[in-house]
Amino acid sequence: MAVRITTTPVRVTVAVSGEIDHHNAAIIRYEADEAIQSALAPNVRIDFGDVTFMDSSGIGFVMGRYRIVNSYGGNVEVVNLTDRIYSMMKLAGLDKLVTLRKKTEKGL
Amino acid sequence: MKPINEMRLKIESRSVNEAFSRAAVAAFAAQLDPNIEELSDIRTAVSEAVTNCIVHAYADTLGPIYIWSGIYENGVIRIKIRDTGCGIENVKQAMEPLFTTSGGERAGLGFAVMESFCDKIKVRSKPGVGTVVTLEKQIRGREQTDA
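Protein sequences, first through last, are from chains A and B.
In terms of the working numbering, the first sequence opens at residue -5 and continues consecutively.
In terms of the working numbering, the second sequence opens at residue 54 and continues consecutively.
This is chain B alone, in the form it adopts within the complex (with noise of 0.2 Å):
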């Protein structure tokens, strides 16, 4: 399926940019008329995603952050958030819930946000080479929810 508009950025690794990206990525989802509840899906996930980036893939180091996305006809947006950092050994123990590398401040929650605010996620990783993460989530818009 062939998306019927599609959005690309590429940003820095600079926790300044969470702000930026999830706000970017909301304007964008605008388009198909989500909900309140709905953006804010949306917004949690992107950011989420992008924290994964700063603070796992490029640890120590700064590094490009490319997010995608397109919506589609029949009312689902689709975002990628790809990293070229250090990439994830076991990707099914770093989406368990509280699992975290970074142990203190970092709750372990990142995926089971994301996976409890999307529809569907997919993770793509290979250790050295980078990480995408796939969100899909179909937006149901003000009509139906707000009636």
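Looking at chain A on its own, in the form it has when it is part of the complex (with noise of 0.2 Å):
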């Protein structure tokens, strides 16, 4: 599990990789706001490209992100995900709160 995080004035990205669980959770969120709080930029993506799998907790990561993000205005993108992350992220409802783009969408 690891974190990567890019910058530009608009955007904070956060890349996550390996398995998020409620056990690598609490990092990934510690590294992940730290982030996004210290850059100045309103809206973030996450990048799920390299995560290998995902439970619940990977909703209730990007529902945390969503609720201080969306607290100062800004937009959450969730991108790079399997046919299987995308749909338990619908069967949650998080397509109404951020923008969910798959793997395969062009234009990343």
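The set of hints was computed from the structure by calculation and includes no laboratory data.
Watch out, some of these pointers could steer you wrong.
To be verified - Straight line, CA to CA, 30 Å or less: simulated DSSO-like cross-link-like pairs of lysine-lysine:
no., chain 1, residue 1, chain 2, residue 2
1, A, K84, B, K175
2, B, K173, A, K96
3, A, K84, B, K133
4, A, K84, B, K173
5, A, K90, B, K145
6, B, K175, B, K63
7, B, K63, A, K90
8, A, K97, A, K84
9, B, K63, B, K133
10, B, K145, A, K84
In this text, all values refer to a predicted model and were calculated from it rather than measured experimentally.
Since each chain sits alone in its own frame, please combine them into the complex, following the hints.
And the structure:
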């Protein structure tokens, strides 16, 4: 499990790799929030391209970041989702809160 | 019906064991020659059940989690995850999507995810005694799905 952060003036990108479960989510959350808070960028992109496993803790992670970013009017997009993770997020209704993009979608 | 093979595990309710327990059950399930999707379903469902034990059953304490799994002639796998923790007052409410007693970072989707990735789920719980979650899944395997 690792978190890679890249920041531009408009966006913080949090690229997560490995497995997201309740155990790992605490560390991922800490690193993501530190980057989001220290950057002045309004928007957050969460890149799931290298995530190999996720349970509902991953959904909680996205929801939590949405609450923070939405509180100051920013947008969250979650990109590079496998079909499986995409459908789990849809099941949770995350598509109503954040932009979800599957791995195959172009324009990234 | 008697299982053709079974296994038992006892782990401590430490969150680091979430990864171990789902990997262990998946390794046992591999005997049924599941496809990648089915294996992911099992890993995810076990992860949810074990996380519930750690987060809820033994919220402020450490306790044992008992995992039993059996595989059957007809390609069914049954997984039982049991704790002797606080128990659930209202099982029906606990199983409702988005219901959580944890707030904040827990989505309240553990049971919904287990339900969507398994064919059957049974939850028996008694406050102060513990909870048993039984999951059942028919493994169709590689031949049927990858052909």
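Going through the hints against the structure:
{"no.": "1", "hint": "K84(A) - K175(B)", "in the structure": "holds, 24 Å"}
{"no.": "2", "hint": "K173(B) - K96(A)", "in the structure": "holds, 29 Å"}
{"no.": "3", "hint": "K84(A) - K133(B)", "in the structure": "holds, 28 Å"}
{"no.": "4", "hint": "K84(A) - K173(B)", "in the structure": "holds, 22 Å"}
{"no.": "5", "hint": "K90(A) - K145(B)", "in the structure": "holds, 26 Å"}
{"no.": "6", "hint": "K175(B) - K63(B)", "in the structure": "holds, 20 Å"}
{"no.": "7", "hint": "K63(B) - K90(A)", "in the structure": "violated, 40 Å"}
{"no.": "8", "hint": "K97(A) - K84(A)", "in the structure": "holds, 15 Å"}
{"no.": "9", "hint": "K63(B) - K133(B)", "in the structure": "holds, 12 Å"}
{"no.": "10", "hint": "K145(B) - K84(A)", "in the structure": "holds, 23 Å"}
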